[in-house]
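Take the sequences, apply the hints, and build the full model.
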Amino acid sequence: MKKTVFFLLSILVYSCNPEVISEEDNYIDLTYKEGEENLVSHLSIKAFAADKAFGRGIPELSDLELAFFGVGNAMFDQSWVSAPATTTSRDGLGPIFNARACSACHFRDGRGKPLLETGKFSEGFLIRLSNGNNPITGPIPFLNYGNQLQDNSNLGIDKEGEINVKFKIITGSYPDGNLYELRKPIYSIFNENYESISEAKTSPRIGQQVIGMGFIDALSDSSILANADEFDSDNDGISGRANYVWNIKEHKSTIGKFGWKANQPSLEQQIAGAFYGDMGLTSTLFPQENCPKGIDCSKISNGNNEGEFVEISDKQMSRMLVYMSAISVPIRRNFDTYDVLKGKELFNNLGCIKCHATNFTTSYFELLPQLSNVKIHPFSDFLLHDMGDDLADNRADFLANGNEWRTQPLWGLGMIEFVNGHTFLLHDGRARNIEEAILWHGGEAEAPKENFMNLSAEKRNQLLSYLSSV
Amino acid sequence: MSLTISYDKDHHKDNEHKEVSDFIETYAKIVSANYKDTYKTAVTMQNKINSFLTSPSQSTLKDAKKSWLYARNFYGQTEAYREANGPIDNEDLLGIEGQINAWPLDEGYIDYVATNSSGTKIIQNGLIGDTSFELTELNIIAKNEEGKDDNISTGWHTIEFLLWGQDLNYNPNSRTSDNFATSGNRPFTDFITENFASRRKNYLKIITNLLIKNLKDLNDTWAEEGSYRITFENLSEDEALTNILNGIGFISNGEVALERLDPAIDEGQENEHSCFSDNTNKDLWANVTGINNIINGSYTSENGVIISGTSLINIVKEKNTYTANNLKNKAEDTLVKLNNLLGLYKSFDEIVSTETLGSGGPAGNLSSALKVQGSAISDAAATLGVNITIN
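Keeping their order, the protein sequence lines are chains W and S. The first sequence begins at 1 in the numbering used here and counts up one residue at a time. The second sequence begins at 1 in the numbering used here and counts up one residue at a time.
Among the clues, some could well be false.
What the hints assert, rightly or not - Simulated pairs of lysine-lysine, BS3-like, Cα-Cα distance not exceeding 27 Å:
no., chain 1, residue 1, chain 2, residue 2
1, W, K113, W, K33
2, W, K46, W, K113
3, W, K299, S, K40
4, W, K46, S, K282
5, S, K143, S, K319
6, S, K40, S, K319
7, W, K166, S, K40
8, W, K249, W, K33
9, W, K299, W, K252
10, S, K143, S, K29
11, W, K113, S, K121
12, S, K213, S, K121
13, W, K120, S, K143
14, W, K120, W, K184
15, S, K29, S, K346
Everything labelled a hint here was simulated from the structure, so no lab data went into it.
Written as structure tokens, this is what we have:
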């Protein structure tokens, strides 16, 4: 009823004063929801300089929480070196590794870059490996190589191998005749140093921006399962399901929340896994050195400090966990313009929002209680979806099959270019911008993608404006 | 009667308005004078570094170091103008903070580093030792912040590393790493006979010239009639206030307390700001003073002239005496805690070597005071009707 009145009003305004602006203003008033730009409610932060846009903490932190945040931030930025070294707090890298610092894959707490040229230094790209999958214990490590290819190593140790990349160009057109071009990367591993790797299942991955992670960690199982519809009982073509993955601390399978295939159950395990797999740093959750074949790691130096048995001490881990949990999400920019709000309407009507869900409230979060019971808009359901053959990695990961991916949270999407100077998206960075990322959608997302393609160019741009504002 | 009241109210309003615009003007004057001093003292440093590079010796190296230390006193105060949407770090403007003062840095990315605690064994994996890397300004700029956050190739701290070298704190008698009295002690022969000496010279010259160029740009754009000065003067009062206060609030809490003090307290010298020269205490002085300059509306320039005007405390007082007094107290307390630390006459790495988070030592106390000061700035902003974020 109210809507009709406004509609009439807008026609009246339009007819008295033939300026389209008034109609647009009315539309803005009608569709803008107070506070929608704050994706983590009162704990959202305003982004200023590019350097800090993704690295700012939630506004409510105590003196000691702030201190832990600061220490974690320093640890995140700084390089680790091989032991022994003049530093005692930053040694233990390797023997094999992908990166020397967290920030090497998440520059400015942001997003990594894909490998664009064979032999180039990786800035947030790695290849996962396996020899099949066990639904309970996860991907089976590939003989001599484990779960990922470490393409770097300490002096005197061979790296596992090098990565070759070439691209296949795929062209297509919109129903309105406009052309587009997609670029599919094809990776292969060469110069492998620990016997043949050709039979390994592989999956390329890009480091993601690390914002809002504490809020995701604070989501209850039931809030995630509320969106699940494994057998598509509502017949909308979308059948999200949760991944259940091995939780080291709890000694059982629990819902996977983090990673491109939702293969990590908690923020702590995600972080410890990255320290271990990407940098060769042991911790309480991953105490065994990742030791290449033929090397006796008990005979080479490690970065354990006196009286400790791991390289990332529990003390350091506690700081890192506070840092990672407390990074907020930037307030959206340009959230109340006509085009952006039109784009929001399209996002909802085309069905994007079915997976890129915005309706969550966090549960009790012990580490930082201020993260509890907060309304958040992550633009993800954290569930697995079949995304079609073109995007498939054909490598199973716990319950996720080779076609399934976790819905990527979109918060921060429009700021990646500002922070990281690039717009490469999707699990291996193949999409060169948001539009290409949409066009790569298939499987369960085939229909919404086709809906997008059928839009006029003007409307497609409105949707892209909305996504850039997120 | 009612007329009188409304007159008073309006008068009060006008007064408030004038005070706010005076405060914004004072800020611009202080920023401009501070960047001018920074540029001037850095040019002196450039001359000293040139003399050193022309004839490397113990004494020319010493002069170059001295001039670096002196110029830092002024640059450090300008950090209060970061995170304020201004030219220093707004990428739509100059956006050169990362080129000027990026930190912490991985010194192994630039030049040789020690692999044992006495420094007798070294490894060269740096840009200086990589002869396939052509040393040009553009190439070195391209390498800055390439790959990871601490791959730093330019700016104050790179110059510092090339003048001082690593600070190993090595005690040759006890063979322990607790000799805090010394700072880095790079031999001047690194620029004559050591491997890659001529590349090292060339490198230092290029990045010194680049720093001067960057500082000149900041000076020019903030000078009267400078391009950003004009933009700034045309900002709405709310926008200008938001920018100014977000800057000093964040630098107080998010930068100096969280990035420069707490990590050093928790994990030691690896996280010390000027770890090569042991100038960290003076850096802290400059950072704290820079923030205080705006709170109190006064800056003492290099030639001794004091530039002063309406302070933050003044304009908050117009709105709410309690908030203004609170800000004043917290700012004074921060200075007290700073002076406690400076009064120990110990180097920063020694001070933090005996502190832990929450132990209430001098560095921790200064950090806590800076956090509380940040909150007081945030409260002041709210009183003035604007929102800022300080974490």
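Each hint, compared with the structure:
| no. | hint | result |
| --- | --- | --- |
| 1 | W:K113 - W:K33 | violated (34 Å) |
| 2 | W:K46 - W:K113 | holds (25 Å) |
| 3 | W:K299 - S:K40 | violated (55 Å) |
| 4 | W:K46 - S:K282 | violated (31 Å) |
| 5 | S:K143 - S:K319 | violated (49 Å) |
| 6 | S:K40 - S:K319 | violated (39 Å) |
| 7 | W:K166 - S:K40 | violated (52 Å) |
| 8 | W:K249 - W:K33 | violated (41 Å) |
| 9 | W:K299 - W:K252 | violated (34 Å) |
| 10 | S:K143 - S:K29 | violated (35 Å) |
| 11 | W:K113 - S:K121 | violated (35 Å) |
| 12 | S:K213 - S:K121 | violated (36 Å) |
| 13 | W:K120 - S:K143 | holds (14 Å) |
| 14 | W:K120 - W:K184 | holds (18 Å) |
| 15 | S:K29 - S:K346 | violated (35 Å) |
Figure legend: structure checked against the earlier numbered hints; hints not met, in rising order: 1, 3, 4, 5, 6, 7, 8, 9, 10, 11, 12 and 15.
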